[in-house]
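Chain by chain, the residues run as shown.
Protein chains: 4
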Amino acid sequence: MNFRSDNTAGAHPAILEALAKANEGHALSYGDDDWTRRLEGAFRDLFGQKVAVFLTATGTAANAISLAAMAPPWGAIFCHREAHVETDEAGAPEFFSGGAKLVLIDGAHAKITPEGLEEALTRNLRGVHSVKAAALTLTQCTERGASYTAEEIARLADVAHRENIGVHVDGARFANAVAYLGATPRSLTIDAGVDVMSFGATKNGALAAEAILVFEPKRVDEIARRRKRGGHLLSKHRFVAAQMLAYLENGLWLHNAARANGLAQRIAQAAGDWVSAPAESNHVFLKAGVDALAKLRAAGAEFYDWGAPGSGEARLVVAWNQSEADVDSFCALVRALRSQG
Amino acid sequence: MNFRSDNTAGAHPAILEALAKANEGHALSYGDDDWTRRLEGAFRDLFGQKVAVFLTATGTAANAISLAAMAPPWGAIFCHREAHVETDEAGAPEFFSGGAKLVLIDGAHAKITPEGLEEALTRNLRGVHSVKAAALTLTQCTERGASYTAEEIARLADVAHRENIGVHVDGARFANAVAYLGATPRSLTIDAGVDVMSFGATKNGALAAEAILVFEPKRVDEIARRRKRGGHLLSKHRFVAAQMLAYLENGLWLHNAARANGLAQRIAQAAGDWVSAPAESNHVFLKAGVDALAKLRAAGAEFYDWGAPGSGEARLVVAWNQSEADVDSFCALVRALRSQG
Amino acid sequence: MNFRSDNTAGAHPAILEALAKANEGHALSYGDDDWTRRLEGAFRDLFGQKVAVFLTATGTAANAISLAAMAPPWGAIFCHREAHVETDEAGAPEFFSGGAKLVLIDGAHAKITPEGLEEALTRNLRGVHSVKAAALTLTQCTERGASYTAEEIARLADVAHRENIGVHVDGARFANAVAYLGATPRSLTIDAGVDVMSFGATKNGALAAEAILVFEPKRVDEIARRRKRGGHLLSKHRFVAAQMLAYLENGLWLHNAARANGLAQRIAQAAGDWVSAPAESNHVFLKAGVDALAKLRAAGAEFYDWGAPGSGEARLVVAWNQSEADVDSFCALVRALRSQG
Amino acid sequence: MNFRSDNTAGAHPAILEALAKANEGHALSYGDDDWTRRLEGAFRDLFGQKVAVFLTATGTAANAISLAAMAPPWGAIFCHREAHVETDEAGAPEFFSGGAKLVLIDGAHAKITPEGLEEALTRNLRGVHSVKAAALTLTQCTERGASYTAEEIARLADVAHRENIGVHVDGARFANAVAYLGATPRSLTIDAGVDVMSFGATKNGALAAEAILVFEPKRVDEIARRRKRGGHLLSKHRFVAAQMLAYLENGLWLHNAARANGLAQRIAQAAGDWVSAPAESNHVFLKAGVDALAKLRAAGAEFYDWGAPGSGEARLVVAWNQSEADVDSFCALVRALRSQG
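Chains as they are written, first to last, in numbering that gives the first Met the number 0: chain A, 0 to 340; chain B, 0 to 340; chain C, 0 to 340; chain D, 0 to 340.
These aren't lab readings, by the way, just hints derived from the structure by calculation.
Possibly wrong hints are sitting among the right ones.
Same chains, same names: a pair is fine if it fits in one copy or spans any two.
Result set (SDA-like, lysine to any residue): computed pairs, CA atoms no more than 25 Å apart in a straight line [what the hints assert, rightly or not]:
| id | residue 1 | residue 2 |
| --- | --- | --- |
| 1 | Lys217 | His128 |
| 2 | Lys217 | Glu162 |
| 3 | Lys217 | Arg185 |
| 4 | Lys20 | Asp325 |
| 5 | Lys20 | Leu251 |
| 6 | Lys286 | Asn6 |
| 7 | Lys217 | Asn163 |
| 8 | Lys286 | Ser328 |
| 9 | Lys20 | Asn1 |
| 10 | Lys20 | Glu248 |
| 11 | Lys286 | Leu124 |
| 12 | Lys217 | Arg161 |
| 13 | Lys217 | His160 |
| 14 | Lys286 | Arg258 |
| 15 | Lys20 | Leu247 |
| 16 | Lys286 | Asn123 |
| 17 | Lys20 | Asn320 |
| 18 | Lys20 | Glu323 |
Take these sequences, add in the hints, and give me the full structure.
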């Protein structure tokens with residue numbers, strides 16, 4: 000019963016098969032290959048318009064390169080206090096941007112609200128003495144398992160664009176949000192005012208494949224330069240393109256995400272009022288208390304504590320290939336503990 | 000007859016099989032897995048001592064992270080004028096180091112000599128007004144196909160260490176040098192005074208796998224930090240470790256390199272006095288003249304021009320999986336042209 | 000009645016005279032001159048030991064160079080949420096450090112407490128995934144006019160050094176703290192565990208002269224390099240050294256600060272319970288209400304609002320050369336308004 | 000007979016007087032003062048159009064901020080191999096730009112030619128694999144005492160603008176070139192295609208005052224941000240503005256430069272065929288031989304050797320306030336030595 004992270008799961012068989020097929024014959028390097036061209040077509044179909052695509056092997060790279068292209072070194076990047084770019088990427092946005100400042104915003108369930116954004120913008124209006132508002136980045140789904148709706152994103156993007164700053168989405172788990180909301184990728188991005196996004200595949204079934212999608216042409220050359228200079232342009236590029244192609248083909252990405260979401264909701268139903276954050280993705284947060292968490296672990300469940308030390312809260316992440324048996328065993332454990340409590 | 004680059008070849012079947020095997024079951028992320036631990040053992044065996052290993056997906060990343068850990072922002076990194084880090088990495092060493100300066104040194108066959116290094120060191124001794132000597136980086140094999148012998152490296156490292164600067168080897172094609180020289184990996188690195196190296200696998204049969212090997216403990220923590228911050232720590236780390244393991248196991252790395260070297264020498268023998276640089280790797284440089292190159296291309300050979308425009312010189316690279324038929328056809332073409340000339 | 004900032008005051012006549020005297024004859028450039036050597040002696044006398052001195056023309060430069068020498072690019076610099084380095088230096092610490100992260104700590108009167116520091120340290124212990132604790136910076140006096148006592152600094156430095164991080168003091172108004180506390184410079188720095196400080200003179204009577212004082216030898220070479228590379232090593236260095244010498248000679252620095260502090264306290268006494276922060280420097284904060292502030296301005300007083308918009312709070316800064324008449328007129332105004340209220 | 004550098008001279012009395020006058024009364028900080036406004040008018044008059052002016056205290060800052068605004072981190076800055084920005088600024092352009100690469104060009108008398116520029120441009124056209132051509136910087140006068148004519152600059156700017164790269168002039172000794180050429184400042188800059196320049200005053204009579212002049216509006220906001228973030232926006236800004244105003248008023252800048260140039264030519268005439276570079280500024284280069292240089296030093300002359308060790312070449316710099324007696328004594332020495340030789 001390992002619910003630590005979706006990073007611990009392997010790759011989907013279809014993606015491994017795609018690698019093997021891509022291995023036949025020679026191909027030009029650095030993206031001048033058929034797989035890359037077909038992938039551009041696949042993203043065009045998915046978003047209903049031409050989209051510039053830049054593949055990388057990690058989500059940190061996709062986020063940091065995107066944000067660096069949106070914020071000058073003296074820029075302010077607005078993000079939630081719990082955002083992955085702030086807490087888990089070792090300062091990669093600061094590195095790639097040449098020292099931009101992440102300005103932190105609070106908000107329930109790791110979501111930014113228009114009011115929170117307005118307040119943060121107001122704090123940074125001191126001309127050359129303060130950093131200059133440059134970009135807003137949203138995590139989809141959030142670090143607390145919530146999904147931003149198209150309307151929520153549009154309202155935030157309105158505030159951002161009014162101040163002439165760009166909007167980025169860290170979509171490491173974008174598939175889970177799309178599956179949960181039943182919305183189109185386009186409605187959650189282009190139509191809502193998103194300028195650049197990190198489109199993740201690694202956590203949801205790939206080996207190592209993430210895409211920077213650029214909806215705004217003016218940033219394309221800069222992102223191409225930054226990717227190469229950052230060491231993120233793979234020489235045998237067909238192998239990362241082939242992964243992403245297989246991920247998109249036949250709806251594999253949504254299939255995997257919907258499955259994981261469904262299992263997460265099964266856990267949430269079992270956990271009832273222990274659930275401490277919206278179950279809108281493949282994450283479940285349980286405020287079960289320190290004792291109950293200890294008992295779950297003693298029974299073989301693996302997961303991370305969350306929040307302040309001693310808070311008695313846990314995060315469970317359901318992987319794309321999590322076994323139903325695991326989930327059902329865990330649900331049974333939870334029900335038993337709750338009925339005792 | 001595609002001799003453009005070893006980047007256009009695919010991956011060796013043994014490496015794809017290793018990926019498939021590594022895909023079974025869960026594994027902790029970010030390098031806390033069995034494949035990574037076994038790989039550390041494999042490198043320990045190869046070098047005869049414990050070596051810190053940091054995997055990345057590109058050689059540019061391996062080089063830039065290594066050099067950034069060796070040179071402060073105000074440092075001078077000494078390299079050959081034709082070095083890959085200078086000409087083909089879009090300024091990655093400058094980016095990762097925060098603006099260190101690459102000081103260029105001339106030398107035949109893209110090799111640095113002790114005299115060239117001494118001269119460059121002398122030019123940068125103006126206290127706080129100049130950059131500070133920090134690192135020497137050598138490409139093995141060089142961009143002109145030459146291999147540094149252990150003695151050559153040791154003499155350069157002596158000069159470097161006397162000035163208290165570190166020695167790095169860009170070993171994107173280290174296997175080809177080891178195979179050509181018949182030397183041990185240790186004799187060409189640790190015993191010769193190398194502090195950090197980039198150990199390449201991608202060009203010689205992997206999909207995307209390079210290793211930073213650190214022979215000097217004091218730089219280990221910094222490299223770990225820089226790799227993560229640069230977005231180069233892969234979450235599903237077992238997949239890159241599995242590639243490198245398969246590459247080392249059963250001597251696959253040396254087998255592939257020796258095969259490519261041998262075919263390159265076959266071309267060199269056919270080309271006789273057209274050969275314009277040492278055939279000490281999987282590269283052959285031919286000064287055949289503009290007309291002869293045009294005829295070779297007309298007959299179906301693919302390769303890059305080299306040197307100044309109109310120089311009539313070409314670079315041919317033999318991939319690990321180049322067909323013998325390709326090589327023999329090319330040799331026949333060359334012989335025919337030369338007998339006409 | 001201009002109480003906007005101590006930056007609006009000119010220079011003390013003794014400092015202009017020192018410039019004129021320093022202008023006689025030739026002198027070697029870049030600090031190899033008699034004034035610089037005498038200044039090193041003056042600081043040695045002031046602190047009771049040899050101190051490395053690096054002059055700059057701005058406080059932002061002194062702070063940013065110091066912090067960059069204490070924190071690697073992946074480091075965390077702990078500071079108060081209202082610290083000048085965070086709010087008013089346009090991201091200079093991020094620029095000079097190559098992207099270190101300023102981790103913000105709350106605390107009354109812009110003071111950091113040991114508990115606040117402990118909590119912030121705990122938040123950043125996620126190995127390579129988070130930034131690495133590197134430096135603590137304190138503003139003396141704080142942005143809310145408070146002075147850290149030697150005991151307070153020592154307690155903070157104990158926490159910092161236990162975690163192996165350095166302690167920096169932004170002493171843009173260090174003179175005001177020394178004058179207020181009646182303490183020795185040494186007791187507030189070296190003896191309390193401070194490693195590096197920015198020692199300000201500009202706000203307190205110089206034209207443009209700040210000193211980085213380094214109490215810990217290992218950082219000296221790096222700071223020398225960073226100063227030059229940042230464009231902060233003045234060629235005609237004698238002129239900035241002469242300013243700082245005149246500032247220290249005959250206790251001018253403490254005389255100026257004590258005078259301004261005394262006038263600030265005169266205002267604080269007149270303002271009674273309007274005073275909203277400790278009057279421990281040349282600053283006075285008045286929570287007089289929006290109407291009273293408007294009336295003060297209508298009567299000719301100039302000052303900045305403070306805190307959130309509409310808070311009814313103002314900051315008054317007394318310059319080293321503020322006229323007593325100004326202060327007395329302002330006090331009379333305040334008394335009159337309060338008796339009406 | 001000190002001919003080491005123009006940095007060893009003090010300030011002109013008129014400039015010290017201007018400081019004293021600027022010290023009367025309060026003035027708003029950070030450039031919102033009368034002196035700064037008057038200076039903008041003075042530069043407008045000098046160049047015949049509105050010019051954005053950013054003052055700094057050092058030439059390194061002026062150069063590095065200018066170049067950083069012209070070149071992205073992945074940009075190539077073309078400069079002469081002997082340029083001050085390459086050899087004497089400790090990598091400041093790399094620091095401010097976030098790691099741009101200085102691409103070095105050879106040329107007689109430290110001058111870049113159109114052919115040299117074309118060749119360097121051609122070397123850097125490898126798409127994302129090489130750095131991107133971004134800026135050309137010329138030193139006026141050059142490090143070998145030569146002055147670029149308006150025509151020479153225009154030809155270089157034509158090449159640069161054709162490739163869409165900006166043109167910067169490091170005018171640390173711009174006054175000497177204007178005085179030597181008898182040209183207008185405008186003809187050597189705006190009319191010749193210069194986009195941004197560093198306009199020096201420190202070496203020619205100021206204490207510490209340099210100006211970035213921006214002839215192209217699109218870079219203005221960025222330079223303002225970079226100056227503040229680099230710690231180069233002086234708080235008591237009136238004092239640096241007052242220096243520059245006095246420097247421009249009554250033609251002081253040209254008077255000082257013409258005087259120094261004239262004395263340099265007096266030396267050149269005495270030195271005859273020892274003169275090894277064009278005497279087109281306040282510099283004289285003498286290839287007198289090792290013995291003659293030793294004799295000159297033994298007789299009390301101070302100067303730096305130039306070129307490779309043992310070359311027997313020396314650089315003499317005449318300061319704005321060099322005594323005629325010094326120059327005449329030196330000329331007599333030279334004549335005596337030459338008549339012996």
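Outcome of the hint check:
In the homo-oligomer, the alpha carbons of Lys217 and His128 lie at most 25 Å apart only across protomers (20 Å), although the nearest pairing inside one protomer, at 28 Å, exceeds that limit. In this assembly of identical chains, Lys217 and Glu162 lie within 25 Å of each other by CA distance both inside one copy and across copies; the values are 18 Å within and 19 Å between. Taking CA atoms no more than 25 Å apart as the test, Lys217 paired with Arg185 passes inside one copy only; the shortest distance there is 20 Å, against 34 Å between copies. Taking the shortest Cα distances, Lys20 and Asp325 sit within 25 Å of each other only across copies (23 Å), while inside one copy they are farther apart (33 Å).
In the homo-oligomer, the alpha carbons of Lys20 and Leu251 lie at most 25 Å apart both inside one protomer (17 Å) and across protomers (22 Å), since each shortest distance falls under that limit. For the homomeric pair Lys286 and Asn6, the shortest alpha-carbon distance inside one copy (23 Å) is at most 25 Å, but the shortest distance between copies (51 Å) is not. For the homomeric pair Lys217 and Asn163, the shortest alpha-carbon distances inside one copy (14 Å) and between copies (17 Å) are both at most 25 Å. With identical chains, the CA atoms of Lys286 and Ser328 are at most 25 Å apart within one copy only, with a shortest distance of 19 Å there and 61 Å across copies.
Taking the shortest alpha-carbon separations for Lys20 and Asn1, only the inter-copy value of 20 Å comes in at or below 25 Å, while the best intra-copy value is 32 Å. Proximity of Lys20 and Glu248 under a CA criterion of 25 Å is satisfied in both settings, with 15 Å inside one chain copy and 24 Å between copies. In this homomeric assembly, Lys286 and Leu124 come within 25 Å of each other (Cα to Cα) only across copies, at 23 Å, whereas the closest approach inside a single copy is 39 Å. With identical chains, the CA atoms of Lys217 and Arg161 are at most 25 Å apart both within one copy (18 Å) and between copies (21 Å).
Both within a single protomer and between protomers do Lys217 and His160 lie at most 25 Å apart by alpha-carbon distance, with minima of 15 Å and 21 Å respectively. Taking the closest pair of Cα atoms, Lys286 and Arg258 come within 25 Å of each other only inside a single copy of the chain (24 Å); across copies the shortest separation is 58 Å, beyond that limit. Taking identical chains as interchangeable, the C-alpha atoms of Lys20 and Leu247 lie at most 25 Å apart whether they share a chain (16 Å) or sit on different chains (24 Å). For a Cα distance limit of 25 Å, the shortest separation of Lys286 from Asn123 across copies, 23 Å, qualifies, whereas the shortest one inside one copy, 36 Å, does not.
Taking the shortest Cα distances, Lys20 and Asn320 sit within 25 Å of each other both inside one copy (23 Å) and across copies (16 Å). Taking the shortest alpha-carbon separations for Lys20 and Glu323, only the inter-copy value of 23 Å comes in at or below 25 Å, while the best intra-copy value is 31 Å.
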